[in-house]
Amino acid sequence: MPMLATLTSRRVFDDRWVFERKLDGVRVLAAFDPDAGVRLTSRTGRALNGTYPEVVAALEQQSGLEFTVDGEVVALEHGRTSFELLQQRLGLSDPVAALATGVAVTYYLFDLLSLDGRDTTGLPLRDRKALLREAIDFHGPLRYTAHRNRGGQELLEEACGKGWEGLIAKRADSRYAHGRSTDWLKLKCSSGQEFVVGGFTEPAGSRAGFGALLVGHYQDGRLRYAGKVGTGYDGRTLTELRARLDALRQDDSPFADRIQERQARWVRPELVAQVGFSEWTRAGRLRHPRFLGLRDDKDPSRVVREEPVPGGTP
DNA sequence: TTCCGACAGTGGGGTCGCAAT
DNA sequence: ATTGCGACCCCACTATCGGAA
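Here the first sequence is numbered in the numbering used here, starting from 1 and rising by one per residue.
Worth double-checking, as some hints may not be accurate.
With a straight-line cut-off of 27 Å between C-alpha atoms, the simulated DSS-like cross-links for lysine-lysine are [stated by the list, open to error]:
| # | residue 1 | residue 2 |
| --- | --- | --- |
| 1 | Lys186 | Lys228 |
| 2 | Lys298 | Lys162 |
| 3 | Lys22 | Lys186 |
| 4 | Lys228 | Lys188 |
| 5 | Lys22 | Lys188 |
Derived from the structure by calculation, the hints contain no laboratory data. As the structure is a prediction and not an experimental result, all values here were calculated from the model.
Start from the sequences and build out the full structure, keeping to the hints where you can.
In structure tokens:
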């Protein structure tokens, strides 16, 4: 289990923290043993050698010393990490099929867990990074993850302006801990806008009120579907909003797009919700959507897709 | 007493693989 | 051939509970 960062809204840091680019890919631990060779594993412990054969090959060409490293496998597109592009390789376990996708991957290394048979997880982060930089010959798909020693609000704004996903702040003197830790903090760039509520889904299990809102925006006079928003509500909001939705029920979908959703309930498109999300997908859906509140001050017919400033806001 | 961390439970987009239709 | 579903990846968020502060 790798060390995991905790999401935070904190933006003020002193010089005991270092900052790395937040990479939008998949977490991969890599172990090399002169006898057993390279072993790539996912966050949940699954074997990934067949998925990223070029990474295995590059790690096999190292000095011959035992090592365990931690990093993120990403697919780069115009200098930005693209999770959607990487997804074409995620489920593949056959190395031939993986390479045949044509999706090139890069393995950004940012930590060292062992070297030459010695456990390095008890060393401070700066020391581990220094050892990592010397131990690995960074070539081909292998890259060292740069970090900066100062940061906070300004650095995050800079990162978001470049279209990055955000930053990871790490305690410079912390040791490597397996699992979730507050010594590593996730600072995300995010965006949000208003959407028209055109329907909802029924709740499941112990859920009250409804499952998710079906939301959209207008384009050329038609209501285009943008996806479901199923989190961000407290119990009271779920029940109160359900009552308002029931009062707006209608038989037909208000959306211009066909929606693959059995059991969808439709409403007159009169409610406007503020929704936070990380980005638009290629299919025009919201990634990582969450409900932020209703906007009673907004005319639903004026809700359109906003093409925001590059990178959004921190 | 209050706060924090960990966990369970609900919800999202997207892809692959396989079974059912 | 198409559809549905679960398993993985990436996640956000709320509610709850027990222990730390």
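Status of the hints after comparison with the structure:
With a CA separation close to 25 Å, the supplied pair lysine 186 and lysine 228 stays within the 27 Å bound. Straight-line distance between C-alpha atoms of lysine 298 and lysine 162 comes to about 31 Å, which puts the hinted pair past the 27 Å bound. A distance of roughly 8 Å separates the Cα atoms of lysine 22 and lysine 186; the hinted pair therefore holds under the 27 Å criterion. Of the supplied pair hints, the one linking lysine 228 and lysine 188 holds, its CA atoms being roughly 21 Å apart against a limit of 27 Å.
For the hint pairing lysine 22 with lysine 188, the CA-to-CA distance comes to about 8 Å; that is within 27 Å, so the pair holds.
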